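Counting from 1, one number per residue, gives the positions in the sequence shown under full-length UniProt numbering.
Treat the hints as calculated values from the structure; they're not laboratory data.
Quick caveat: nothing in here was measured; it's all calculated off a predicted structure.
Mixed in with the good hints, there may be bad ones.
Stated by the list, open to error - Cross-link-like lysine to aspartate or glutamate pairs, in silico, DMTMM-like; alpha carbons within 25 Å at most:
1. K113 <-> D103
2. K113 <-> D154
3. K113 <-> D283
4. K113 <-> D7
5. K113 <-> D146
6. K113 <-> E139
7. K113 <-> D244
8. K113 <-> E293
9. K113 <-> E63
10. K113 <-> D23
11. K113 <-> D124
12. K113 <-> D94
13. K113 <-> E126
14. K113 <-> E147
15. K113 <-> E336
16. K113 <-> E127
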Amino acid sequence: MLQALDDAAVGQWCRAAVEALSDSRGRLDDLNVFPVPDGDTGTNLLHTAEGALAALDSAGPAEPAWVVMARGAVLAARGNSGTILAQLLRGLADQLAHQPPADGPTVAAALRKAAESAYTAVADPEEGTFLTVARASGEAAVAAVDEGRTALGDVVLAAADGARAALDRTPGQLAALRAAGVVDAGGAGLCLVLDALVRTVTGVRPVRPALSVPHRHRHDAGSAPHQPPPGPGSEVQYLLADADETAVARLHERLAALGDSLVVVGVDTPTGREWNVHVHVSDVGAAIEAGVEAGRPHRITVTPLAPVPPPEPVPGLRAVVAAVQSEGLAELFRAEGVRVVVCGADGITEDGLLEEVVACGAQEVVVLPNDAALLPVAARAATRAREAGREIGVVPTRSPVQGLAAVAVADPGRRFGDDVIAMAEAAAATRWAEVTVADQEALTSAGRCHPGDVLGSAEGDVVVIGAELAAVACDLLDRLLSAGGEMATLVAGPDEELGDTVCRHLASVHPTIEVVRYGGGPSSLPLQIGVE
1 MLQALDDAAV
11 GQWCRAAVEA
21 LSDSRGRLDD
31 LNVFPVPDGD
41 TGTNLLHTAE
51 GALAALDSAG
61 PAEPAWVVMA
71 RGAVLAARGN
81 SGTILAQLLR
91 GLADQLAHQP
101 PADGPTVAAA
111 LRKAAESAYT
121 AVADPEEGTF
131 LTVARASGEA
141 AVAAVDEGRT
151 ALGDVVLAAA
161 DGARAALDRT
171 PGQLAALRAA
181 GVVDAGGAGL
191 CLVLDALVRT
201 VTGVRPVRPA
211 LSVPHRHRHD
221 AGSAPHQPPP
231 GPGSEVQYLL
241 ADADETAVAR
251 LHERLAALGD
261 SLVVVGVDTP
271 TGREWNVHVH
281 VSDVGAAIEA
291 GVEAGRPHRI
301 TVTPLAPVPP
311 PEPVPGLRAV
321 VAAVQSEGLA
331 ELFRAEGVRV
341 VVCGADGITE
351 DGLLEEVVAC
361 GAQEVVVLPN
371 DAALLPVAAR
381 AATRAREAGR
391 EIGVVPTRSP
401 VQGLAAVAVA
411 DPGRRFGDDV
421 IAMAEAAAAT
431 RWAEVTVADQ
441 EALTSAGRCH
451 PGDVLGSAEG
461 DVVVIGAELA
471 AVACDLLDRL
481 LSAGGEMATL
491 VAGPDEELGD
501 TVCRHLASVH
511 PTIEVVRYGG
521 GPSSLPLQIG
531 VE
């Protein structure tokens with residue numbers, strides 16, 4: 001059992017929270033009736049937690065994990081509950097990042113302070129919500145310490161138990177929950193996050209009753225979706241940079257007059273303080289204009305609160321949807337008749353893939369992740385698409401070159417299942433590799449690398465470390481072709497000279513190899529290689 005939360009434990013907790021929210025996303029979405037019944041609380045909480053985990057996974061050792069996790073959550077936060085969760089994590093970071101060790105009494109006090117900070121971030125807090133559950137968790141943790149139960153395991157278990165007891169009381173505090181016969185969705189998500197903390201500290205997963213959703217509230221295929229009550233018609237959310245405290249205070253007042261469900265959360269970043277602004281409004285333009293007057297709004301999203309039914313799939317119509325990392329790659333796939341989702345500020349998300357799958361209007365859809373890290377994202381999007389009545393096949397492509405190989409053999413005249421198998425076999429037969437530049441020191445399978453080193457990776461494992469892009473690329477190709485191959489596919493980034501050099505090397509050293517060269521690769525990947 002842990003006696004204190006160090007940086008490693010923070011990372012373990014964040015990973016466990018993502019796992020718990022991922023497993024329960026659908027149930028949390030079904031519980032969502034407040035502040036509007038738009039069925040996205042679980043999705044938003046998961047997106048926020050994934051942002052925190054991504055920040056931790058990419059961070060160096062210089063910053064405390066609490067700070068990194070909070071910043072990742074605030075910058076990724078989405079929706080009402082997601083933004084409040086981000087504020088709660090930022091509140092914990094404020095208390096714990098620079099006061100090691102984070103033992104039982106320290107964590108108890110931090111949980112209470114963090115809940116207080118979450119209340120202040122919400123313009124019009126209501127009881128029976130995420131906030132109520134957060135406050136109960138902090139109060140229960142402090143009470144445990146006052147009673148002499150100061151061990152970290154006892155404190156976090158008391159917090160989780162207190163949160164769950166408060167969650168069970170939420171229908172009696174909020175009329176919308178009582179009418180629907182459900183507990184608060186955001187509070188339920190927080191309970192999962194706290195149970196993940198218990199599991200991290202004690203190694204034991206708390207045994208809880210399952211989150212049940214009354215049948216009358218589930219979004220059944222044959223029933224009409226829940227409509228929001230009268231009020232603001234759109235959710236507006238954006239990040240705000242280049243704004244001081246005075247400007248943010250004015251923005252807060254203006255948005256409070258324009259709508260409701262206002263949450264404003266700030267966090268320090270390497271380039272200055274940024275704010276995540278969330279509000280439900282009728283006048284979208286005015287909400288964005290207020291942000292422009294306060295600073296520099298970016299990553300603006302506008303979501304209708306009234307559900308918009310997706311188009312009905314066209315029976316017999318088949319489509320391929322590919323995830324890509326650059327506009328250049330997007331053009332390559334579009335030229336082959338493929339629908340694409342291009343990496344944006346948030347990366348490629350489950351929602352982004354699902355939106356494209358549904359929007360294409362096809363009954364049968366093949367999804368190409370084109371990145372090993374996107375395989376679980378594509379799998380989750382496919383599960384949700386099947387629930388919406390689509391027939392989905394995910395071909396586990398780990399690189400765009402495998403995706404191009406799969407597209408080359410696609411045949412809409414085949415049975416859907418047979419076509420998916422043929423595409424998967426073509427992708428699997430394509431060995432993939434890539435040339436990158438290290439951005440931090442690390443121990444790889446080819447030895448230790450330092451920032452600026454050129455790395456040659458085959459099937460995800462580093463096999464070459466060098467100083468020059470061209471030398472590493474040629475060495476990497478020689479290694480790949482030593483095991484055989486008839487065709488090499490090259491996807492070059494902005495450095496055209498690198499592509500020229502590699503092609504000359506292939507013509508000289510491997511003259512029998514057919515070479516197919518494309519441009520348009522992302523700048524982060526100077527060269528991507530496929531060998532068939």
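Hint check:
{"no.": "1", "hint": "K113 <-> D103", "in the structure": "15 Å, holds"}
{"no.": "2", "hint": "K113 <-> D154", "in the structure": "19 Å, holds"}
{"no.": "3", "hint": "K113 <-> D283", "in the structure": "34 Å, violated"}
{"no.": "4", "hint": "K113 <-> D7", "in the structure": "20 Å, holds"}
{"no.": "5", "hint": "K113 <-> D146", "in the structure": "16 Å, holds"}
{"no.": "6", "hint": "K113 <-> E139", "in the structure": "10 Å, holds"}
{"no.": "7", "hint": "K113 <-> D244", "in the structure": "24 Å, holds"}
{"no.": "8", "hint": "K113 <-> E293", "in the structure": "32 Å, violated"}
{"no.": "9", "hint": "K113 <-> E63", "in the structure": "22 Å, holds"}
{"no.": "10", "hint": "K113 <-> D23", "in the structure": "29 Å, violated"}
{"no.": "11", "hint": "K113 <-> D124", "in the structure": "19 Å, holds"}
{"no.": "12", "hint": "K113 <-> D94", "in the structure": "9 Å, holds"}
{"no.": "13", "hint": "K113 <-> E126", "in the structure": "18 Å, holds"}
{"no.": "14", "hint": "K113 <-> E147", "in the structure": "19 Å, holds"}
{"no.": "15", "hint": "K113 <-> E336", "in the structure": "55 Å, violated"}
{"no.": "16", "hint": "K113 <-> E127", "in the structure": "17 Å, holds"}
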